[in-house]
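Novice: These protein sequence lines are chains G and A, in that order. Each position in the first sequence, counted from 1, maps to that position plus 2 in the working numbering. Each position in the second sequence, counted from 1, maps to that position plus 42 in the working numbering.
Hints may be right or wrong, so weigh each one.
In silico DSS-like pairs for lysine-lysine, Cα to Cα no more than 25 Å straight-line [unchecked claim]:
1. A:K173 - G:K244
2. G:K151 - A:K227
3. G:K75 - A:K173
4. G:K151 - A:K118
5. A:K150 - G:K154
6. A:K240 - G:K151
7. A:K226 - A:K46
8. G:K244 - A:K53
9. G:K154 - A:K267
10. G:K244 - A:K109
11. G:K154 - A:K172
12. G:K154 - A:K277
13. G:K154 - A:K240
14. A:K109 - G:K154
15. A:K53 - G:K151
16. G:K151 - A:K147
17. A:K109 - G:K151
Treat the hints as calculated values from the structure; they're not laboratory data.
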Amino acid sequence: MKFKSKYLHVGITVLFYLTLLLFINYRFGYSYEWTSTSKYYPVIIKGWTQTLVLTFVSLFFSLIIGLILFFMKKSSITCLKYISKVFNELMFGTPLLVLVVILYYIVGNAFNINNRFVSAIIILTSYNSAYISEIYRGGIEGIPDGQWKAAKVFGFNEYQTYRYIIIPQVIKNILPPLTGQLALLVKSTALLSYMAVNEFFNTIMGVNANTFAYIEGYVVLAVGYLIITIPISLSIKYMERKLQVT
Amino acid sequence: MILKIENLRKKFGNQLVLNDINIDIEDHHIIGMIGPSGGGKSTLLRMIAGFEPITSGEISINSINVKENEELLHKKCGFVFQSHNLFLHLNILDNITIILEKVHKIKKKEAIRIAKTLLTQFGLIEHILKKPSQLSGGQSQRVALVRALAINPDVLLFDEPTSSLDPVLTYEVLDAILKLKDDKKDFIIVTHEIGFVKQVADYIVFIHEGRLVEHGDVSIIDEPKTEELQNFLSKVFSWRH
């Protein structure tokens, strides 16, 4: 029963897609033709892997840069504080697509950054680190004041306070918003197709152009992204349960 | 216990919350701090514990200067907060052992032994693996008391330990504090439980509107000299008539 309730939503999501496929078949009389799309599976897997790598490399750097931005914002040095604030405002106010165009075609060209993969990492990291710095802020500010006081009154030094008292609770606090951000990050890689990065979305568009099996291509896309997002969501839920505080 | 406070002042912004406090207490074991809410007694206790900055003046407890020797102070004074402030991510056992291991550098095995002995003594041993959120208010406060006791402090400081509890849980916690008197522990307690203070304390400090208005042995509760303490006690006891 417990197993069912934990994974039920995953099952319903898959069922939703299957129903949609059946509906298309029933309503429009569309008969699926998988052979042409399946011929391209090595390219598709390569694109899918590229999306996975882009996501996790960007996430890794975003977690670091986000933390730096958070500490800059908290800093007593006005200059650092404002750099962080302005950076966040720029990232919050700019659609990712616009950022892709500006950073790749204008800034990238100006500084001779020709490697698309590197540019893509820089763009995704910049965009996500602003959001992640806010997630850190929420996580740290959400720690009750009494936890800091108790750590101080019992003689923990600053390092010990963060290491043993604050960070374990912050991790628990930031996991739910981080799940959402990570899912957004996975899907936002699709916009990198505008700078011709061969990630999953761009690859499928290429395959579709050859096979003309558009619906099949989109089905592969939907399933491919689900294969990434469902394990992320389940593993973070698992970590949340392990770290459960209240 | 020896408590010396000289010319102590505390400001929050422009607001003066404690003004010119001077106390010299020696050879007393249990000090009860009483007074109306917002009078500054909890602030004073937090300053004695070293986690509320002192605006001006000096505090020393058992010859430890609060401003100059913070590290030693935290090792020698245990503190029980108004709301337990247990570490929410740790179970009850770890809440106690983490302080012994990381701050007092006691080996894990010995830390567990100390924690288990005290938890048994206070009737909490069956909750050892629970998280604070799984305990009642009274149980949490008793764990907070055990946590403060585990460091074997010279003095324990209680900041209104029962103010957030219902009468039954209040009794549970006061009963646990009463045990400390039998164990000859020194402590300072800020509380509104005047009857309890009268029973356990051997010295009373009355703080009103940021000033130390009256202090002395426990008889001042029965024979208050100042008008402020008379008014305070008459209000506290008025419901009984």
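Novice: Mind checking the alpha carbons of K154 (chain G) and K267 (chain A) for me, to see if they're no more than 25 Å apart?
Specialist: 38 Å, violated
Novice: For K75 (chain G) and K173 (chain A), compute the direct alpha-carbon distance and say whether it is at most 25 Å.
Specialist: Not OK: K75 (chain G) and K173 (chain A) at ~33 Å, beyond 25 Å, violated.
Novice: Quick one, are K154 (chain G) and K277 (chain A) close enough, alpha carbons at most 25 Å?
Specialist: Since the Cα atoms of K154 (chain G) and K277 (chain A) sit roughly 36 Å apart, the hinted pair is violated (cutoff 25 Å).
Novice: Holds or violated: K151 (chain G) with K147 (chain A), Cα cutoff 25 Å?
Specialist: 20 Å, holds
Novice: Is K154 (chain G) within 25 Å of K240 (chain A), Cα to Cα?
Specialist: 31 Å, violated
Novice: Has the given pair, K109 (chain A) with K154 (chain G), been kept, meaning a C-alpha gap of at most 25 Å?
Specialist: Roughly 14 Å between the alpha carbons, so the hint for K109 (chain A) and K154 (chain G) holds.
Novice: With a cut-off of 25 Å on the C-alpha distance, tell me whether K150 (chain A) and K154 (chain G) pass.
Specialist: Holds - the C-alpha atoms of K154 (chain G) and K150 (chain A) are around 21 Å apart, at most 25 Å.
Novice: Assess, step by step, whether the Cα of K226 (chain A) is no farther than 25 Å from the Cα of K46 (chain A), and give holds or violated.
Specialist: 21 Å, holds
Novice: Given the proposed pairing of K240 (chain A) with K151 (chain G), does the C-alpha separation stay at or below 25 Å?
Specialist: At roughly 29 Å apart (the allowed maximum being 25 Å), K151 (chain G) and K240 (chain A) break the hint.
Novice: Against the 25 Å threshold, does the CA-CA distance of K151 (chain G) and K227 (chain A) hold or violate the hint?
Specialist: 23 Å, holds
Novice: Is the Cα-Cα distance between K154 (chain G) and K172 (chain A) 25 Å or less?
Specialist: The given pair, whose Cα atoms are some 24 Å apart, holds under the 25 Å limit.
Novice: What's the verdict on K109 (chain A) and K151 (chain G), does the C-alpha distance respect the 25 Å limit or exceed it?
Specialist: 17 Å, holds
Hint violations for this structure: numbers 3, 6, 8, 9, 10, 12, 13, all remaining hints satisfied.
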